[in-house]
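Visitor: The whole structure should be built from the sequences, with the hints applied where relevant.
Here the protein sequences come in this chain order: U and W.
Numbering follows the working numbering, with no gaps: position 100 of the first sequence is 1015.
Numbering follows the working numbering, with no gaps: position 32 of the second sequence is 947.
Everything labelled a hint here was simulated from the structure, so no lab data went into it.
Possibly wrong hints are sitting among the right ones.
Copies of the same chain look alike in the list, so a pair counts if it fits in one copy or across any two.
As the list claims (entries may be wrong) - Below, simulated EDC-like cross-link-like pairs (lysine to aspartate or glutamate); rule was C-alpha separation at most 20 angstroms, straight line:
hint : residue 1 : residue 2
1    : K1268     : D1059
2    : K1255     : D1228
3    : K1038     : E1151
4    : K1190     : E1267
5    : K1038     : D1150
6    : K1190     : E1061
7    : K1272     : D1178
8    : K1190     : E1172
9    : K1255     : E1209
10   : K955      : D1278
11   : K1219     : D1096
12   : K1272     : E947
None of the values given here were measured: they were computed from a predicted structure.
2 protein chains.
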Amino acid sequence: MSDNRSGVPVLDPWGESSVVDYGRLFEEFGIEPIERFADKFPATHRLLRRGVWFGCRDLGRVLDAARSGSIYAVMSGIKPTGVYHLGTKTTAEAMVFFQGLSKAARVFYSIADVEAYCDNGLKFSESHEIAVGNVADILALGLDPERAYVYKQSEEMRVMNLASVFSRSVTNNMMRAIYGDRAFGLYFSALVQAGDILLPQLGFFGGPKPVIVPVGVDQDPHIRLTRDLARRYRDEFGFIEPSSIYHKLVHSLTGSEKMSKRDPMGVLTLNEDPKLVRRKISNALTGGRATVEEQRRLGGEPDKCVVYEYYRDHFLEDDERLLRIRSECLGGQRLCGECKAELADLVVDYIEKHNEKKASMMDLARNLLEEGSRIAKQGGSIL
Amino acid sequence: MSDNRSGVPVLDPWGESSVVDYGRLFEEFGIEPIERFADKFPATHRLLRRGVWFGCRDLGRVLDAARSGSIYAVMSGIKPTGVYHLGTKTTAEAMVFFQGLSKAARVFYSIADVEAYCDNGLKFSESHEIAVGNVADILALGLDPERAYVYKQSEEMRVMNLASVFSRSVTNNMMRAIYGDRAFGLYFSALVQAGDILLPQLGFFGGPKPVIVPVGVDQDPHIRLTRDLARRYRDEFGFIEPSSIYHKLVHSLTGSEKMSKRDPMGVLTLNEDPKLVRRKISNALTGGRATVEEQRRLGGEPDKCVVYEYYRDHFLEDDERLLRIRSECLGGQRLCGECKAELADLVVDYIEKHNEKKASMMDLARNLLEEGSRIAKQGGSIL
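Guide: And the structure:
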């Protein structure tokens, strides 16, 4: 979180790491605490129970649709530059969850291959192969392919046409107020993302409907821009303001605020080699004390511990076992070394099972992308 | 021509009218006088002989290709919001001329239907019908459809992907230096036009080649931006800086600098009703004197006369007859009333013949657009 020139605090969707003051998000940006909606969820989820989802916008609209069986869409995207890590996995799990709440939900998954080219120099053919793996990942996590449109940014002309339309009503001042003083290209890509988020509401896809966008909270500026555009173009397109649900950023193993592929020892991917998993986790930042004696006496600090975060947010579904770990840590019975080894076992096991499932999904992933290409290329009409 | 905030003179590609100081264009913008290349043209044309084409950039590269039989492209575009007028006709004639110079020339014609929606509220289905007429117009003017790719902006994803790539290297300052302080949407559309201009050099279309862009001189800012981008992305795409040839802006019948559809009594379209042609021309601004007596004594001023401009630049191929008209005017033998009536006859005759040809081209135009859609939808790969 940083201040832009006019002193307005901004979240930085393009930043690598930043210290997010979650309390300020509610007061200053109007993000709603998730607790308000906790009893409206038709099902529960680890990410909800453990507080990884902490904020949202207009979530009631989507939960109502889920409970009444009326149509809604689940939208998010990924830049296909590498395998899933815990951050992209968290978004994917949210998509699968919201798709699973109702048979009337349809997923829209944008593969940002144009971004992957611009930012990382990956040719479309290269990022396509990576995307096949990413799609197999989300299929392994439970995505129902029958109700999913997976498209590549380089092919979905409707998104670009929406971005062109939107470009006429934004001003540099407006973009600066949301994003701070950024490069022209980032403003351009923000409009493309607004196009992605509003795509499910075009006539081609059945017209206006509630849309839930599960993202890391650093992406909220895109949500605010898009909601603003939805209001501006309501008369023209009938848009309903998209809803969002935010997950806390996943800390890297080295303790920085946002897991990123650019920090190799901090990132944990879903195809990590078991040996490397153990090495990375054994080097992870913990909430342990300086000495064993001190740890026995004072107990650990799980709320400052990345290892505990990974149990809680990612690798342990069993609530009771989690509480046991927590109390053992606080009580000084659990030392960091054994705790790390136990997590590493869980992670290695998770990755092994995940990759078995993923391997069986590769053909389906390829087909889903092909089907997406076919739909994307049907035309550019947005009206 | 106006001054932007930093005092740099700018041409305004989006303006309706402006007084262009053609001399300054050579000195300050580096546009080359066309005379330098006059003896390199393998064929002549009314627009060249009469000085309507007055400036260019890197024209030698294209004329060399035309004479040697090596491949080059001819690129321009139109916003499909109405029928051809004399301005769009002038661009189309240039495209037909440059295509005709060599069997190795291929035309790229961009139908800016996204712009037509953003600026004029025309739905794609509406602008499509207008585009059919526009394409029939250029076919009637002699375009060879076998060597022409006519595509709609709303469908040619490669153009948008190029624009996305280019967006990463332009800055607000750079755009301001070229265009002045303009709305975000105009900067956005400028990048799309750069994508249009560089499209013919993509691998899909056979890779780097000379490209000639015939446009009104007010479009030069787009050419400068695109040449800059071609240099920046030379290593990545192999781009050759596009060449351009500029025609003077067509005065409206009421005397304003740039003919525009927005000035109904000033515009002369190619499907004007004969009665309206006669009425508009009889009201046109001339270089005539205050009284008949004065006109007889001093002669007229053809170089200040829109009626003479239309003979010279648009409706009279016969050089001798043009010179006769000029000397009769200068000598006071020719009065404005008869001169206007004579022009009106020529125009009515031209329009009648043109529309006969155009009517026979409508099916072909429709097919050419369909074929363009097919090619546009083949993919978004720019690499």
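Visitor: Could you work out which earlier hints the structure fails to respect and list their numbers in ascending sequence?
Guide: Hints 6, 7, 8, 10, 11 and 12 contradicted; others consistent.
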